[in-house]
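Novice: In case you want the letters, here they are:
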Amino acid sequence: MINLIIDIVLLVFLVIMAVSILHVRNLLAVSMLFGLYSLLVASVFMVLDAPDVAFTEAAVGTGIATVLMLATLAVTRVTHEKKQKRVAYIPLLIVLATGSLLLYGTHDMSNLGDGNAPAHTHIAKRFIEQGQEETGVPNLVTAVLASYRGFDTLGEVTVVLTAGFGILLLLRRNQKLRIKGVQGG
Amino acid sequence: MGDNLILKVMAKALIPVIILFALYVQFHGDYSPGGGFQAGVIFSSAVLLYALVFGLDAAAKVLPDKALIATASLGVLIYAGTGVASMFLGGEYLNYSVLGKTAQSGQHLGIIVIELGVGLTVAATMLLIFFTFARRTRAQ
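So the sequence lines, in the order shown, correspond to chains H and X. Sequential numbering of the first sequence, starting at 1, is according to the numbering used here. Sequential numbering of the second sequence, starting at 1001, is according to the numbering used here.
Just chain X, with the same shape it has in the complex (with noise of 0.2 Å):
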């Protein structure tokens, strides 16, 4: 996009802003509207504009592929270790009733924990499919 200061002042403006939005919509998800896949969309979209308007390679910078591999498989983990971690707790496979004191609180921790996971991994996911496509158009 080169040197376009008017992109460039907006979204550094937008960028925290819709970075503080997905975290709203990740963390309040129980309560509101959304849910671990709409945070990590729209927390992807944050990171989507950064790399649109100041580059891959700025982008690239902050959020390398290593990592990004790393937290969408750890978001797939923290989500299937959810429901080993049940069952050694003495529930079945993502019964999340025996996580906490009484069975509402259980349940309610384990609906945290795996949208964290599931946040995670979408969010890493959508950002290393865009990257690769970039990618692509870069090297032609």
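Isolated chain H (complex conformation) (with noise of 0.2 Å):
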């Protein structure tokens, strides 16, 4: 009984968060409102007994995104959204059809904690019934991705790597193009 008032608590914040979201239009009390969010989805993976994404989506999602959204919002000086006078009917339409396909897609989704869901007669069992013998790590997400998915936690990191090469290749010629600029004049 209060796992459910729980649920239907946050699932109602989180409502009313992308609602209020989509009506704010001062962008600092967007990106506010959005480090809520995920602090909320963050609450949501915890009832879920999924902690080391609750801290995943904590840590990144409450606090190093909303702290790079303000540091763009004071880099390009932009307070307030745009009102939009006129409907745009066609990206309504294709978000309207996307938006049911997907309800339509969820009733072949198994049910939540269902075991015998695909995912969970796979290669989940061997996985929590050998994993901690063969790895000698009991928190078995970390033995899964560090050990089992290896490969695509190496992928990762060199993705997250790469992006900071990115923005710094991108954000940093123009600053020294700028200081060059004031030499010369």
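Possibly wrong hints are sitting among the right ones.
Restraint ranges, calculated between C-beta atoms of paired labels, are given here [said to hold, decoys possible]:
1. H/I21 - X/R1138: 44 to 52 Å
2. H/S20 - X/K1008: 28 to 36 Å
3. X/M1087 - H/A119: 42 to 50 Å
4. X/V1084 - H/L112: 35 to 43 Å
5. H/P138 - X/M1087: 25 to 33 Å
Beyond 12 Å from chain X on every Cβ pair, some chain H residues (computed) [unchecked claim]:
6. M46
7. R86
8. V95
9. G113
10. I128
11. E129
12. V141
Just so you know, these hints were derived from the structure itself, not from any lab. On a predicted model such as this, the values are computed, not experimentally measured, just so you know. The beta-carbon is built from N, C-alpha and C at its ideal position, and this holds for glycine as well.
Put the two chains together into one complex; each comes in its own frame, and the hints tell you how they fit.
Specialist: Below, the structure written as structure tokens:
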């Protein structure tokens, strides 16, 4: 019963956040609301017994992403979103069609916590039964990410590094050019 | 943030705790929730707090860009190097079983080492991205 109440409260707050993000025009407030949204999603993950994911969501979504969004707002110096006068019918149609297709697709999904779901019957069983023996690591999430799926994680880390270098190349070169321009002028 | 005393005192109290927590998440990630990625982000948020309260220059004095770029690359090098090391010891790429005396201890060691690599890269890259954005703000 108490779990149901927590679920309902969290999901209602999520909907409120999503709707208010759409309505608020002040971009500073929107980035704060995005942070709160991430915090709520992290709480939902926590309720679903996924602390590793909740951790990442709270640290990245609420912390780093919010600060980066604020930094971007400070660079662009845009404080308010422009008000759209006309209703854009074609995008609205596409969104509605995609949304209804996604809703239709959920009928094929297995129920939450269903032990017979394909995701739980294939290889997960082996990880759970032999993971700790094979890797000596009690936290199964770490064992799967670092050892069984070591290639994927190496790829992810490389993506993070590439993203950092990409931003350095894009934003730093302009700064140097500006300095040269000042010297030349 | 100027001379806000409350912010400065609170930041000074919080930053060591955040860094300690990041190290706990990093090196205890094999027993409790967490791991390199989470630890890296938490660590970078501690430095981020320092930069927001005490200014970019103070933070850049502790962690200059060159050190950050080197650390970010070192993390990937540690990760990929672990794979190469296990190849030299007779296993497949990233098969940590050959790193230790038993397959289990080798796996455990390999996981700790590559998580360290992940943590270094993530922490350094997050800070690099933030510093680069923040400097753009100031340059205008």
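Novice: Does each hint hold? Answer for all of them.
Specialist: Quick rundown of the hints versus the structure:
1. Separation of H/I21 from X/R1138 is about 29 Å and departs from the stated range, judged on CB atoms against 44 to 52 Å.
2. Taking 28 to 36 Å as the suggested C-beta distance range, the pair H/S20 and X/K1008 conforms, at roughly 33 Å.
3. Hint check: X/M1087 to H/A119, Cβ distance near 32 Å, so the stated range 42 to 50 Å is violated.
4. As the Cβ distance of X/V1084 to H/L112 is approximately 42 Å, the hint placing it in 35 to 43 Å holds.
5. As the Cβ distance of H/P138 to X/M1087 is approximately 28 Å, the hint placing it in 25 to 33 Å holds.
6. The non-interface label for H/M46 is inconsistent with chain X: the shortest C-beta to C-beta separation is roughly 10 Å, within 12 Å.
7. Its beta-carbon lying about 33 Å from the closest one in chain X, H/R86 satisfies the requirement of being farther than 12 Å from that chain.
8. Every beta carbon of chain X lies more than 12 Å from that of H/V95, the smallest distance being close to 30 Å; the non-interface claim holds.
9. For H/G113, the requirement that its beta carbon stay farther than 12 Å from each beta carbon of chain X is met, with the minimum near 19 Å.
10. Every Cβ of chain X is farther than 12 Å from the Cβ of H/I128; the closest lies at roughly 16 Å, confirming the non-interface assignment.
11. With a minimum CB-CB distance of about 15 Å to chain X, H/E129 clears the 12 Å threshold, and the non-interface call stands.
12. Once the 12 Å rule is applied to beta carbons, H/V141 is inconsistent with being away from chain X; the minimum gap is 7 Å.
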